[in-house]
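Trainee: Since the structure of chain C is provided, determine the placement of chain B on it from the hints.
Line by line, the protein sequences are chains C and B. If you read the first sequence in the working numbering, its first letter stands for residue 32, the second for the next number, and so on. If you read the second sequence in the working numbering, its first letter stands for residue 38, the second for the next number, and so on.
In short, the hints are calculated from the structure, not lab data. Among the hints, a few may not be true.
Said to hold, decoys possible - What follows is a set of in silico ranges between Cβ atoms, one per label pair, in the way DEER data are often shown: (1) Ala32(C) with Trp132(B): 34 to 40 Å; (2) Asp91(B) with Leu77(C): 22 to 28 Å; (3) Thr116(B) with Ala32(C): 41 to 47 Å; (4) Thr114(B) with Arg34(C): 27 to 33 Å; (5) Phe45(C) with Glu106(B): 48 to 54 Å; (6) Pro49(C) with Gln93(B): 38 to 44 Å; (7) Arg34(C) with Leu151(B): 31 to 37 Å; (8) Ser44(B) with Ser83(C): 31 to 37 Å.
Said to hold, decoys possible - Lysine-lysine pairs mimicking DSS-like chemistry, simulated, CA-CA at most 27 Å apart: (9) Lys104(C) with Lys107(B); (10) Lys94(B) with Lys108(B); (11) Lys96(C) with Lys46(C); (12) Lys46(C) with Lys129(C); (13) Lys108(B) with Lys129(C); (14) Lys120(B) with Lys46(B); (15) Lys137(C) with Lys46(B); (16) Lys129(C) with Lys53(C); (17) Lys94(B) with Lys107(B); (18) Lys104(C) with Lys53(C); (19) Lys120(B) with Lys129(C); (20) Lys129(C) with Lys51(B); (21) Lys104(C) with Lys88(C); (22) Lys53(C) with Lys88(C); (23) Lys129(C) with Lys94(B); (24) Lys96(C) with Lys40(C); (25) Lys51(B) with Lys108(B); (26) Lys46(B) with Lys107(B); (27) Lys108(B) with Lys46(B); (28) Lys40(C) with Lys120(B); (29) Lys40(C) with Lys53(C).
What the hints assert, rightly or not - Computed footprint of chain C on chain B, listed as stretches where at least three residues anywhere in the stretch have a Cβ under 8 Å from a Cβ of chain C: (30) 73-82; (31) 142-149.
Remember, it's a predicted structure, so these values are computed and weren't measured experimentally. Just so you know, even glycine gets a beta-carbon here, dropped at the ideal spot from N, CA and C.
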Amino acid sequence: AQRVTQPEKLLSVFKGAPVELKCNYSYSGSPELFWYVQYSRQRLQLLLRHISRESIKGFTADLNKGETSFHLKKPFAQEEDSAMYYCALSHGSGGYQKVTFGIGTKLQVIP
Amino acid sequence: DGGITQSPKYLFRKEGQNVTLSCEQNLNHDAMYWYRQDPGQGLRLIYYSQIVNDFQKGDIAEGYSVSREKKESFPLTVTSAQKNPTAFYLCASSWGGSGANVLTFGAGSRLTVL
Chain C
32 AQRVTQPEKL LSVFKGAPVE LKCNYSYSGS PELFWYVQYS RQRLQLLLRH
82 ISRESIKGFT ADLNKGETSF HLKKPFAQEE DSAMYYCALS HGSGGYQKVT
132 FGIGTKLQVI P
Chain B
38 DGGITQSPKY LFRKEGQNVT LSCEQNLNHD AMYWYRQDPG QGLRLIYYSQ
88 IVNDFQKGDI AEGYSVSREK KESFPLTVTS AQKNPTAFYL CASSWGGSGA
138 NVLTFGAGSR LTVL
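Next up, chain C with everything else stripped away, as it sits in the complex:
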């Protein structure tokens, strides 16, 4: 079955320290992976997707098929990065696409 695992419910880092939010997935096909972010009192929104290979707000994520991972990284954490982060996997067949989410990691950046 398709599954997205985020092992840490809470990650606390000091401002200026590196950040790594872990995400592992299980899927037999070719994965489409995303990171979504939910800031306080805001809607859940897309942060980045693996297909774009882009950097958004200093965050990057590389798909590692060998390790089935899609970890989110940022070299220097900022206070405004404090939020809930969800890793997600889009998958399906026969024209039906589902999106499965992990349980989320709350990132707390300490000033």
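Mentor: Relative to the frame of chain C, chain B by itself:
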């Protein structure tokens, strides 16, 4: 403003009552989704629909029902059969299909059963 509108924002229900949550989008998206968000459990898929008049059960469909009579609307009914309905419900939409299936989310509806 293009986007997804969910209503009501807050809803209280007595046990044994059905309640319907509204979700409307003006993004011309084909696919629509309902998720339930509980602390420590992330987002769990209830139902999804790729096209009008067609929908599929997600991972936790028991006690819920949906309809998709119009492209822009995907209402969710929480029935009395749902054993633990108190939760935060999120509606989302996308262009659908494979290849960067990006979801746009509504602001959510919080249901409390008294």
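Trainee: Are the hints correct? Go through all of them and say.
Mentor: The hints, checked one at a time:
1. Ala32(C) with Trp132(B): 34 to 40 Å: Given range 34 to 40 Å: violated, Cβ gap about 25 Å.
2. Asp91(B) with Leu77(C): 22 to 28 Å: holds, 25 Å
3. Thr116(B) with Ala32(C): 41 to 47 Å: Cβ of Thr116(B) to Cβ of Ala32(C): about 26 Å, so the range 41 to 47 Å is violated.
4. Thr114(B) with Arg34(C): 27 to 33 Å: holds, 28 Å
5. Phe45(C) with Glu106(B): 48 to 54 Å: For Phe45(C) and Glu106(B) the Cβ distance comes to about 52 Å; the hint holds.
6. Pro49(C) with Gln93(B): 38 to 44 Å: 41 Å Cβ-Cβ, so the 38 to 44 Å window holds.
7. Arg34(C) with Leu151(B): 31 to 37 Å: Because 35 Å falls inside the window, the suggested range holds.
8. Ser44(B) with Ser83(C): 31 to 37 Å: holds, 33 Å
9. Lys104(C) with Lys107(B): violated, 40 Å
10. Lys94(B) with Lys108(B): holds, 18 Å
11. Lys96(C) with Lys46(C): violated, 31 Å
12. Lys46(C) with Lys129(C): This hinted pair is violated, its Cα atoms lying about 36 Å apart.
13. Lys108(B) with Lys129(C): holds, 18 Å
14. Lys120(B) with Lys46(B): The given pair, whose Cα atoms are some 21 Å apart, holds under the 27 Å limit.
15. Lys137(C) with Lys46(B): Given that 27 Å is the threshold and the Cα spacing comes to 24 Å, the pair holds.
16. Lys129(C) with Lys53(C): holds, 22 Å
17. Lys94(B) with Lys107(B): holds, 18 Å
18. Lys104(C) with Lys53(C): holds, 9 Å
19. Lys120(B) with Lys129(C): Answer holds: Lys120(B) to Lys129(C) is near 24 Å, not above 27 Å.
20. Lys129(C) with Lys51(B): violated, 32 Å
21. Lys104(C) with Lys88(C): It holds: about 11 Å lies between the C-alpha atoms, which stays within 27 Å.
22. Lys53(C) with Lys88(C): holds, 18 Å
23. Lys129(C) with Lys94(B): holds, 10 Å
24. Lys96(C) with Lys40(C): holds, 23 Å
25. Lys51(B) with Lys108(B): violated, 31 Å
26. Lys46(B) with Lys107(B): holds, 22 Å
27. Lys108(B) with Lys46(B): Answer holds: Lys108(B) to Lys46(B) is near 22 Å, not above 27 Å.
28. Lys40(C) with Lys120(B): With a Cα-Cα distance of about 26 Å, the restraint between Lys40(C) and Lys120(B) holds, given a limit of 27 Å.
29. Lys40(C) with Lys53(C): Since the Cα atoms of Lys40(C) and Lys53(C) sit roughly 10 Å apart, the hinted pair holds (cutoff 27 Å).
30. 73-82: With 6 residues close enough to chain C, the hint holds.
31. 142-149: Coverage by chain C holds for the region 142-149 of chain B (4 residues, Cβ < 8 Å).
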